[in-house]
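One line per chain: the protein sequences are R and B, in this order.
Just remember that this note's numbering sits 54 ahead of the position in the first sequence, which is counted from 1.
Just remember that this note's numbering sits 549 ahead of the position in the second sequence, which is counted from 1.
It should be emphasised that the hints constitute simulated quantities derived from the structure, not laboratory data.
Reference excerpt, derived from the structure (chain R facing chain B, CB under 7 Å, subset only):
1) Leu69
2) Gln101
3) Ala102
4) Asp103
5) Met116
Here are some chain B residues the structure puts well away from chain R; computed CB gaps all over 10 Å:
6) Pro560
7) Ile582
8) Pro585
9) Gly603
10) Ala639
11) Thr643
12) Glu680
13) Lys695
14) Glu697
15) Pro779
16) Pro782
Backbone N, C-alpha and C define an ideal beta-carbon position, used for all residues, glycine too.
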Amino acid sequence: MDYLLTEEQLMIRDLARQIAVEKIVPVRAELDEHNKFPTDIMKAMAQADLMGLYIPEEYGGMGRGTLDFYIAIEEISKACLGVSTTYAANALGTYPILLFGSDEQKKKYLPDIAAGKKLVAFGLTEANAGSDASGIQTTAKLEGNEYVVNGTKQWITNGGEADIYTIIAITDKSRGPRGASAFVVEKGTPGFTFGKKENKMGIRSSSTTELIFNNCRIPKENLIAKQGMGFIVAMKTLDSSRAGVGSQGVGVAQGAIDECIKFAKGRVQFGQPVTSFQAVQHMLADMQTMTEAARSLVYNAARMIDSGAKDFSRASAMAKLFATDTAMKVTTDAVQVMGGSGYMKEYPVEKMMRDAKILQIYEGTNQIQRTVIGLDMVKEATRQK
Amino acid sequence: MNIIVLVKQVPDTSEVKINRETNTLIRDGVPSIINPFDMFAIEEALRLREKHGGKVTALTMGPPQAAEALKEAVSLGVDDVVLLSDRAFAGADTWATSYALSMGIRKIGQYDLVIAGKQAIDGDTAQVGPETADMLGIPFIAYIRKIEKVENDTMVVERMMDEGYDVVETSLPCLITVVKEINQPRVPSLKGKMKAKSLKVTAWSAKDVNADENKLGLKGSPTQVVRIFPPAPRGGREMLSGSVADQVAAVAKKLKEQSLI
Ligand SMILES: Cc1cc2nc3c(=O)[nH]c(=O)nc-3n(C[C@H](O)[C@H](O)[C@H](O)COP(=O)(O)OP(=O)(O)OC[C@H]3O[C@@H](n4cnc5c(N)ncnc54)[C@H](O)[C@@H]3O)c2cc1C
Ligand SMILES: Cc1cc2nc3c(=O)[nH]c(=O)nc-3n(C[C@H](O)[C@H](O)[C@H](O)COP(=O)(O)OP(=O)(O)OC[C@H]3O[C@@H](n4cnc5c(N)ncnc54)[C@H](O)[C@@H]3O)c2cc1C
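Please build the complete structure, drawing on both the sequences and the hints.
Encoded structure:
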């Protein structure tokens, strides 16, 4: 398959692949088993210039486009979704600053993020605000030159490990959807602590914690964009990163296919390799076809974003939806193709299957993606009438 | 601190095949890589530069394709590269290779440290490091597993021994060879790869480094390969079978018979 990638994109792919093979594959099972954060791998990725791939050169990044970044995510995801979640969530946390931050904020935070010296997290979700972000209860009250933050964020990726947190809090409840604002909170600020680290089904090397704000005072300058723009910041951030979750799906699906075909070729039953059975071949064919279709949707969404398209919500949502449903199906089938061996921890596909599940849930569940796509279709039809 | 790293391009295989007629390695169809031990040398040089500043230069002698190995060194972060490539260098043994490299090093000029790998995975002699140091007239220490400190014009290193290690202090400049225990090589950086892509490697000829043609290549090589052959398997082995207890009893019996216990 030729994906019409540029020479630089192929370079990024090879580099990410080398990190995956040399630095991630040898340790992924251990990181998974012991819930261990991939600190060394993040350092290796920083040294390889991958942390600042999508950050403009004037802020110390590589100034590459969305597709370049997604290609890196895909390669890392082939090896381990726990690591790729850590990597992708770093960008999720960075987008509010990148898309809406002032020049001072960009100058202050982006160079360290690009160099991989500081990790980032994005805090929107709360106990009572999952799919329905309007349910958030964390508040930020302006007192003099400071905002006082109170409340608890839940299930925040990179929690405890990140140095920079971009969060959404209510600044004026009476204004409804215009009542939330986005802020930067730095680790170590008094009144800002972390809850317990979650014990998860998959992506176990990624860190997921609560963020607890108890009269946490942050300087007024930490407000991102204007007061009241919190939900717009959050929605644009999720729009920009959503298809990246699709590239995670493409990566883990391809990784599972590569593993299971390698095994099945050598597995002899009834006197022949199980890959000689048409039933198995047809499963493999469906798995690869769906994965290629998912890849097309993801690359297409990325190219749309890179071309400067204004409205790419639907394309991003379709890429996320299809690629992550595909990831779940393909990783499950990869276990099936390997039979009992696929179910065992000696092989990586059982982990891939556990890991894949989260992709259908975070950054907007796949039910919510369908809602986004459906509403957009109805809106368009109404406009055309 | 200015460092020169000696980098050899080798076939990517641990099972080299040999042309029976010419007694040379068959390289056709085998992809080339940087000798794995040299990757540790490059990494250590980069770490020293990060700590002490200065410049890292990678030096190789080889056919024009060896430029690829140098480009890889650049992608890892090496500042400068030198390729010694000339028909006059062809057919060199370790002695003639060391001579050419030492002349290349003299031409590069000012340096504090030369780092080489413990040995090359194709030739396997481990001779080029010490010979080059000797020709340059600088101290040489083999099998370095750690550089403890660099201060003024001295360096303290750990030399790996069969049991334990030696702590050695040396004056600079000197030449060391490194073992795999010394570090974990990094992967390239994107900036490095982009720099490597656009890099034009120009070769230095024998004349460029003021080398005496009589000491180069086949002519300058005192070693002659008479014959290459796989060593005959050592005979006289006996395989025991049965339960562990039976096998232990059989060994004990044999040892007693030969009055060894
Ligand atoms: C491992 C992990 C990491 C995460 N990382 C982050 C992070 O870094 N930052 C962050 O802010 N959040 C993070 N989240 C939160 C994540 O985005 C939410 O879990 C997700 O948005 C879904 O919310 P919920 O879990 O509360 O599910 P709910 O909203 O309670 O949904 C439950 C079910 O109802 C369905 N549903 C809900 N509303 C509708 C509707 N209107 N129509 C149809 N179906 C509906 C959902 O699809 C789902 O099947 C993370 C979550 C996990 C598990
Ligand atoms: C948790 C667990 C507990 C188990 N406990 C027991 C136990 O108590 N006793 C016991 O005997 N076994 C047990 N097993 C083994 C289990 O029965 C086998 O894993 C299962 O029968 C599949 O065989 P396999 O793993 O050798 O897969 P393979 O036989 O290698 O098959 C691999 C793939 O090829 C397909 N395939 C194989 N043959 C054909 C064919 N002729 N036509 C079409 N497709 C084919 C299969 O559908 C599968 O997808 C256990 C397995 C697990 C995971």
